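Those protein sequence lines, which keep their order, are chains G and W. So for the first sequence, my numbering puts the first residue at 263; every next one is plus one. So for the second sequence, my numbering puts the first residue at 263; every next one is plus one.
It should be emphasised that the hints constitute simulated quantities derived from the structure, not laboratory data. Being a predicted model, the structure only gives us computed values, none of them experimental. Hints may contain errors.
You can't tell identical chains apart in this list, so a pair holds if it fits in one copy or across any two.
[To be verified] Straight-line C-alpha distance at most 20 Å; calculated SDA-like pairs for lysine to any residue:
{"id": "1", "residue 1": "K294", "residue 2": "A342"}
{"id": "2", "residue 1": "K299", "residue 2": "T350"}
{"id": "3", "residue 1": "K299", "residue 2": "D275"}
{"id": "4", "residue 1": "K271", "residue 2": "S336"}
{"id": "5", "residue 1": "K271", "residue 2": "N320"}
Read off the chains here:
There are 2 protein chains.
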Amino acid sequence: MKKKEILSKGRQDLLNAFGKRMKTLRNQKGRKFSQEKLGEASGLHRNYISDAERGTRNVSLVAILKIINGLDSSISEFFAVGFDNIDTLNLYDTFSVE
Amino acid sequence: MKKKEILSKGRQDLLNAFGKRMKTLRNQKGRKFSQEKLGEASGLHRNYISDAERGTRNVSLVAILKIINGLDSSISEFFAVGFDNIDTLNLYDTFSVE
């Protein structure tokens, strides 16, 4: 039987906040700036971009900066908004169910 | 023969900036707030803390927030300072030598 990892609320909050911020900044660059275009601009595969926006990928620091570059943003600008309501008390638990 | 990865300057700039910011905020919490103490406060092993401070680890988003929690900081505060001089043009290359 395949194990499925269930993310704790805090982890999912964080990944969702990251994806939402990505999508907001991508949309600010215009309707034609698709996930595929962001992939090209950041040097990452469009599936990676899609996963990150949906909050299903725990992105690394280097990938984060690639995405931010692709969005023509900066680290300070990217993280200034949207990350203050994460349930950090619940960041540490992970669960597995079969 | 063992392969050794040489990080591009941009990647190393980024990991160094992260480690430096960690260390600055850790030191602001007092001389007794060691890497080991930060490890306990963030739920990460002290070796992980040591690697991250030395810029030898490409930390993930979830680990980043654990560290920031351990420092009693916030994502927006952590990333507001120290990340603006990274050589992003050179972020994409990796080299391997034998």
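Hint by hint, here is what the structure shows:
{"no.": "1", "hint": "K294 <-> A342", "verdict": "neither (25 Å within a copy, 30 Å between copies)"}
{"no.": "2", "hint": "K299 <-> T350", "verdict": "between (33 Å within a copy, 19 Å between copies)"}
{"no.": "3", "hint": "K299 <-> D275", "verdict": "neither (26 Å within a copy, 26 Å between copies)"}
{"no.": "4", "hint": "K271 <-> S336", "verdict": "between (27 Å within a copy, 18 Å between copies)"}
{"no.": "5", "hint": "K271 <-> N320", "verdict": "within (14 Å within a copy, 24 Å between copies)"}
Checked against the numbered hints given earlier, this structure breaks hints 1 and 3; the rest are met.
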